[in-house]
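Top to bottom, those sequences are chains X and L. So the first sequence is numbered by my numbering: it starts at 1 and just counts up by one. So the second sequence is numbered by my numbering: it starts at 1 and just counts up by one.
If you're looking for bench data, these hints aren't it; they were derived computationally from the structure. The structure presented is a predicted model; accordingly, all values stated were derived computationally and were not measured. Treat the hints with care, as some may be off.
[Stated by the list, open to error] Restricting the straight-line Cα-Cα distance to at most 35 Å, the calculated cross-link-like pairs of lysine-lysine (DSBU-like) are: (1) K141/X x K5/L; (2) K258/L x K141/X; (3) K5/X x K62/X; (4) K179/X x K141/X; (5) K62/X x K12/X.
Each chain is listed here by its residues.
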Amino acid sequence: MLTLKRLTKRYKTGDLALQEVTLDIPQGQVVGLIGPSGAGKSTLIRCINRLVEPTAGTVQLKELNLTSLSQTALRRARRHMGMIFQEYALVERLTVMENVLSGQLGYVSFWRSLLRRFPTPAVQQAFAVLDRVGLLDHVDKRADALSGGQRQRVGIARALLQNPDLLLVDEPTASLDPKTSRQIMRLITEICAERQLAAIINIHDVALAQLFVQRIIGLRQGQVVYDGAPDGLTAEVLTDIYGAEDWSATIRKEPVEEPPVAEEEEPLPEKKLAVAR
Amino acid sequence: MQWKKPPFIANQWLRYGLLVGVVGYLVLGLNSIEVNWIRLWDGLPRGWAFVSGFLTPDFLSRGGDIWEGIVESLTMTLTSTVIGVLISVPIGVGAARNLAPTPVYLVCRSVIALSRSFQEVIIAILFVAMVGFGPLAGFLTLAFATIGFLAKLLAEDIEDIDESQAEAIRATGAGWLQLINYGIQPQVMPRLIGLSLYRLDINFRESAVIGIVGAGGIGATLNTAIDRYEYSSAAAILIIIIGFVLLAEYLSGFIRKKVQ
Numbered sequence: 001m002l003t004l005k006r007l008t009k010r011y012k013t014g015d016l017a018l019q020e021v022t023l024d025i026p027q028g029q030v031v032g033l034i035g036p037s038g039a040g041k042s043t044l045i046r047c048i049n050r051l052v053e054p055t056a057g058t059v060q061l062k063e064l065n066l067t068s069l070s071q072t073a074l075r076r077a078r079r080h081m082g083m084i085f086q087e088y089a090l091v092e093r094l095t096v097m098e099n100v101l102s103g104q105l106g107y108v109s110f111w112r113s114l115l116r117r118f119p120t121p122a123v124q125q126a127f128a129v130l131d132r133v134g135l136l137d138h139v140d141k142r143a144d145a146l147s148g149g150q151r152q153r154v155g156i157a158r159a160l161l162q163n164p165d166l167l168l169v170d171e172p173t174a175s176l177d178p179k180t181s182r183q184i185m186r187l188i189t190e191i192c193a194e195r196q197l198a199a200i201i202n203i204h205d206v207a208l209a210q211l212f213v214q215r216i217i218g219l220r221q222g223q224v225v226y227d228g229a230p231d232g233l234t235a236e237v238l239t240d241i242y243g244a245e246d247w248s249a250t251i252r253k254e255p256v257e258e259p260p261v262a263e264e265e266e267p268l269p270e271k272k273l274a275v276a277r
Numbered sequence: 001m002q003w004k005k006p007p008f009i010a011n012q013w014l015r016y017g018l019l020v021g022v023v024g025y026l027v028l029g030l031n032s033i034e035v036n037w038i039r040l041w042d043g044l045p046r047g048w049a050f051v052s053g054f055l056t057p058d059f060l061s062r063g064g065d066i067w068e069g070i071v072e073s074l075t076m077t078l079t080s081t082v083i084g085v086l087i088s089v090p091i092g093v094g095a096a097r098n099l100a101p102t103p104v105y106l107v108c109r110s111v112i113a114l115s116r117s118f119q120e121v122i123i124a125i126l127f128v129a130m131v132g133f134g135p136l137a138g139f140l141t142l143a144f145a146t147i148g149f150l151a152k153l154l155a156e157d158i159e160d161i162d163e164s165q166a167e168a169i170r171a172t173g174a175g176w177l178q179l180i181n182y183g184i185q186p187q188v189m190p191r192l193i194g195l196s197l198y199r200l201d202i203n204f205r206e207s208a209v210i211g212i213v214g215a216g217g218i219g220a221t222l223n224t225a226i227d228r229y230e231y232s233s234a235a236a237i238l239i240i241i242i243g244f245v246l247l248a249e250y251l252s253g254f255i256r257k258k259v260q
């Protein structure tokens with residue numbers, strides 16, 4: 001359903017963030033994207049919805065070639081790709097409901113969105129989705145009044161209001177405690193199963209990824225160095241992706257409660273220029 | 001063990017040379033000021049007359065003129081602030097590097113630079129020459145000055161927003177206006193309101209100044225009072241201005257706290 005062909009991104013600074021990444025993701029598959037900081041994970045998912053403009057290669061979502069779309073057509077195509085962010089990226093001063101309904105912005109006219117008069121089906125859907133993620137009691141609270149886990153649930157609800165075919169998930173658990181991290185990963189994967197959504201989840205916590213995803217892609221310096229089942233992550237594979245380290249504590253089949261090691265967060269690429277598009 | 005903070009200017013000669021140069025210029029500069037001590041002595045009683053006028057402010061004998069001036073100033077202040085804010089919002093958005101394409105950015109920045117490069121009094125003289133004496137010139141002056149002030153600070157606030165919130169809105173497929181309304185506006189609104197109230201306050205004070213060059217308002221009344229040596233009436237006017245500024249200060253602080 002989603003096909004990347006030789007996708008390449010070179011930043012103006014000359015850094016080659018992605019090198020000829022070729023992938024095919026079928027409907028309903030949840031993929032974990034792992035790799036060290038700076039390997040190009042954030043760039044990869046942003047090149048799919050073109051928040052970052054790829055330098056070469058193609059991205060195809062169903063029949064649509066995303067890389068060749070005009071700005072207007074791109075906006076229409078973005079509706080089908082829900083995005084979930086590391087620091088939730090909720091509009092802090094808007095209410096939970098406004099944040100969730102902002103997932104519908106690609107479908108409604110400016111005047112309707114300005115006056116917050118969204119069509120009845122959209123509002124019904126928003127209530128249903130908020131019920132699904134367990135936030136019905138917080139509809140009119142401001143987003144900055146919620147806890148981390150609750151905020152990420154709002155982020156998920158917002159992505160679902162887009163009625164997407166694909167979820168692009170950027171480090172959904174990096175700011176959450178271990179228990180909440182699991183709940184959020186469980187929620188995302190359950191929802192993907194319910195709605196037959198494909199998802200690409202950038203994640204630092206290898207063990208957490210192994211628990212929830214069906215396929216792991218390992219990225220190192222912009223290149224795919226592993227693509228296979230979560231069970232195939234042996235010490236050799238992890239060394240190949242991240243570099244040499246004692247991996248015995250990371251590789252396991254049984255879920256063990258243990259806080260994830262704090263990792264450095266990957267900086268967002270092209271931070272300032274991004275809004276212009 | 002000894003430790004010393006490394007000096008800001010590493011070169012010792014440059015460091016002490018600069019210091020000697022600045023002190024020398026200061027001494028020479030102070031010596032070049034000519035003080036006419038006799039004139040200063042003569043001026044003391046005049047200064048005292050002004051100060052004693054403050055001790056006996058006279059609100060009544062020019063009450064009608066003062067009232068008229070105040071109403072005119074308040075009208076000028078409010079209308080010019082509202083119009084100025086309305087015009088500065090689109091210009092401020094256009095002057096934000098992260099939202100506007102380069103040509104729009106340059107045009108909007110030029111408008112801001114033009115508005116900021118002239119002091120209110122100079123703009124007022126220009127508008128008085130164009131439209132004649134009275135509050136219309138004052139209104140135009142204050143609205144024009146508001147644009148430079150507000151658009152610049154708004155643009156800077158927009159450039160400082162949390163980009164991830166805007167990025168999330170863009171990722172939903174939102175249009176440009178929707179991006180502004182959902183991704184940007186909530187982040188800058190408290191500051192925009194705060195700045196507008198602050199500008200209202202500035203415009204009231206400025207209305208008193210530009211009145212002196214003929215742009216209407218309480219400044220014109222104040223100017224007349226001083227010209228006639230009616231220091232008691234002038235004192236009354238100044239006290240009223242101070243009162244209004246204090247009131248505006250208190251109200252804007254209160255409102256800003258509410259919208260945060």
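So, going through the hints one by one against the coordinates:
1. K141/X x K5/L: 50 Å, violated
2. K258/L x K141/X: With Cα atoms ~17 Å apart, K258/L and K141/X stay inside 35 Å; holds.
3. K5/X x K62/X: Status holds; Cα separation ~14 Å.
4. K179/X x K141/X: 24 Å, holds
5. K62/X x K12/X: At roughly 30 Å apart (the allowed maximum being 35 Å), K12/X and K62/X satisfy the hint.
Of the hints listed earlier, the one the structure fails to meet is number 1.
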